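Residues per chain, in single letters:
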Amino acid sequence: MLTCKDFLAELSDYLDERIDAELRAKLERHITECPNCWVIADTTRKTIQIYKGMDPYPIPSEVETRLMLALEKRMAAKQK
Amino acid sequence: MTASSQAGFDETTLVTQARGGDNRAFAELVKHYEAKIFRLAQHITQNREDAEDVLQETFLKAYEHLDQFQGNSKFYTWIVRIAVNQALMKLRRRRTDKSVSLDETIDTGEDTVTREVAAWGEDPEQQFTREELGQILDASIQSLAPTYRSVFLLRDVDDLSTEETAEALGLSVPAVKSRLLRARLQLREKLTRYFKRKGDDTFAYL
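Protein sequence lines correspond, in order, to chains A and B.
When you line the first sequence up against the numbering used here, it's residues 10 to 89, in that order.
When you line the second sequence up against the numbering used here, it's residues 447 to 652, in that order.
I should point out that these hints are in silico values taken from the structure, not numbers from a laboratory.
It is possible that part of the hints are untrue.
Below are the DSS-like pairs computed for lysine-lysine, each with C-alpha atoms no more than 27 Å apart in a straight line [stated by the list, open to error]:
| no. | chain 1 | residue 1 | chain 2 | residue 2 |
| --- | --- | --- | --- | --- |
| 1 | B | Lys-507 | A | Lys-87 |
| 2 | B | Lys-623 | A | Lys-35 |
| 3 | A | Lys-55 | B | Lys-507 |
| 4 | A | Lys-61 | B | Lys-520 |
| 5 | B | Lys-477 | A | Lys-61 |
| 6 | B | Lys-644 | B | Lys-482 |
| 7 | B | Lys-477 | B | Lys-507 |
| 8 | A | Lys-82 | B | Lys-477 |
| 9 | A | Lys-14 | B | Lys-477 |
| 10 | B | Lys-623 | B | Lys-520 |
| 11 | B | Lys-520 | B | Lys-482 |
| 12 | B | Lys-636 | A | Lys-82 |
| 13 | A | Lys-55 | B | Lys-636 |
| 14 | A | Lys-87 | B | Lys-477 |
| 15 | A | Lys-82 | B | Lys-642 |
| 16 | A | Lys-55 | B | Lys-477 |
| 17 | B | Lys-636 | A | Lys-14 |
| 18 | A | Lys-14 | B | Lys-642 |
| 19 | A | Lys-61 | B | Lys-642 |
None of the values given here were measured: they were computed from a predicted structure.
All chains, full assembly: derive it from the sequences and hints.
In structure tokens form, the structure reads like this:
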């Protein structure tokens with residue numbers, strides 16, 4: 010029998026679908042019997058979905074300007 | 447606008463052109479990745495000024511050492527590795543103990559213990575404006591330990607594979623996996639405070 014601790018240890022691989030069919034069946038049996046682990050699996054999956062592909066804020070224009078100036082300077086030095 | 451900036455982003459071609467001395471191609475790579483590198487640097491250094499330094503040093507180093515880029519990993523993984531090293535150097539300079547690393551062992555598994563277990567409502571993020579949601583997500587990542595933060599950011603936000611994340615951070619694959627699990631569980635718990643179904647209580651599931 011799988012314990013909740015066993016289930017949690019496999020949770021990442023389960024959500025990433027990186028486990029074999031036999032283990033998957035065991036984990037799925039566990040969550041049909043354990044509402045607590047079902048909720049954890051479900052809300053962890055949703056957590057990953059919400060974050061996936063979250064765009065970074067555009068960098069402030071003055072930061073980009075300084076970056077590009079530093080780069081141009083280095084490029085010019087290299088070409089001399 | 448040039449033809450190349452209208453076309454889709456083709457990393458392999460741009461890297462080849464940049465290696466051949468095409469500075470415009472390199473600048474295009476910089477523009478494509480600058481915001482992600484700046485975000486990562488801010489998450490590691492927790493300091494905007496340091497993050498800007500890291501941003502500049504990363505791309506200057508990448509430019510200098512472009513001939514060392516092997517092409518058997520993604521260009522992004524390669525620059526992340528440079529950025530992480532630069533960011534850790536900043537932290538070491540700021541601290542006296544000099545022992546900053548992303549590889550510190552922190553825990554004995556205690557932090558996988560889940561305290562708050564509650565189901566979420568349907569599309570819980572809809573209750574918040576885009577801006578509010580962004581702040582919630584940012585603050586939640588910020589509250590993670592630094593070693594978890596970078597693993598989660600690269601693996602789940604930037605969508606690198608476990609192996610690429612390990613390579614970029616200089617960690618072993620098992621170390622990435624255990625940090626990722628803890629980061630995911632901790633974030634899940636933090637977000638539950640905002641997203642749990644109204645009227646639900648924790649004890650209903652225990």
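Going through the earlier hints one by one, which of them does the structure break, listed in rising order?
-> Per hint list: 3, 6, 9, 12, 15 and 16 violated.
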